[in-house]
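Numbering-wise (this note's numbering), the sequence shown opens with residue 13 and increments by one.
Incorrect hints may have been included.
[Unchecked claim] Straight-line C-alpha distance at most 20 Å; calculated SDA-like pairs for lysine to any residue:
#1 110 to 163
#2 79 to 157
#3 134 to 55
#4 134 to 105
#5 110 to 137
#6 163 to 55
#7 110 to 52
#8 76 to 66
#9 76 to 148
#10 126 to 48
Since the hints were made in silico from the structure, they are not lab data.
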Amino acid sequence: MRNCTYEENIDRVREIGNDVSRSANAATLELLRNVDTVVDRLSKLQDIYAEHIRVAREAADHIKHCKPNRVIDPKDVACDLLSAAEGALQVQVAVLRKGLASAYADVELRGSNKEAVISEYKRTITVTADLHNSVLDLRWAIMEHDVDLEKPGSKQYTDVDEMFKDMGL
13 MRNCTYEENI DRVREIGNDV SRSANAATLE LLRNVDTVVD RLSKLQDIYA EHIRVAREAA
73 DHIKHCKPNR VIDPKDVACD LLSAAEGALQ VQVAVLRKGL ASAYADVELR GSNKEAVISE
133 YKRTITVTAD LHNSVLDLRW AIMEHDVDLE KPGSKQYTDV DEMFKDMGL
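Modelling step: build the complete structure from the supplied sequences, incorporating the hints.
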C-alpha cells in the first residue's frame, strides 16, 4: 500500500468536487437553455397558427356570407390542399402530445421550468387543434358554396340501389 499525503488526497477531493460542480452547472445551464428554446419555439408556433386561424376564419366567413355566383374550387385543388393540411395538423397534435407526455415524465425538469414547458405544450396543442378546425371549416365552406352552384342531375331515382350503382358504389 502506498503512502498518501494529506495534500494529495485533499487536492484529489477538491478536483473531483470542482469537476462535478462544473459538470452539474453546465448540465443545468444546458437544460435551462433547452427549456427556454422549447418554450420560445412553442410560443412562436402559437403565434403563427393564431394568424393562420384568423385568415382561415375570415375566408370561411366571407365564403359563407357571399352570394354564390361561380365555383371556387372546380377541380378540388384547394380542398385537397386543405385536407392535406388537416392531416398534417393531426400529426402535429400527436407529436405535441408526445412532447407533453415527455415533459410530464422528465425527472430533470422541475418546478417553474416544468410548469412553463407543460403549459406551452398544452397551449400549442389547443391552438393546433383550433387551426385544424378552422381549416376544416374553410374546406367545408368551399364545398358547400360550390355544391350550391351545381346543377341537379336530370335523372331521378326511385330505387336507391340503382342510384348507388350509378355512383359506382
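Failing hints, ascending?
Result: hints 1, 6 break, sorted rising.
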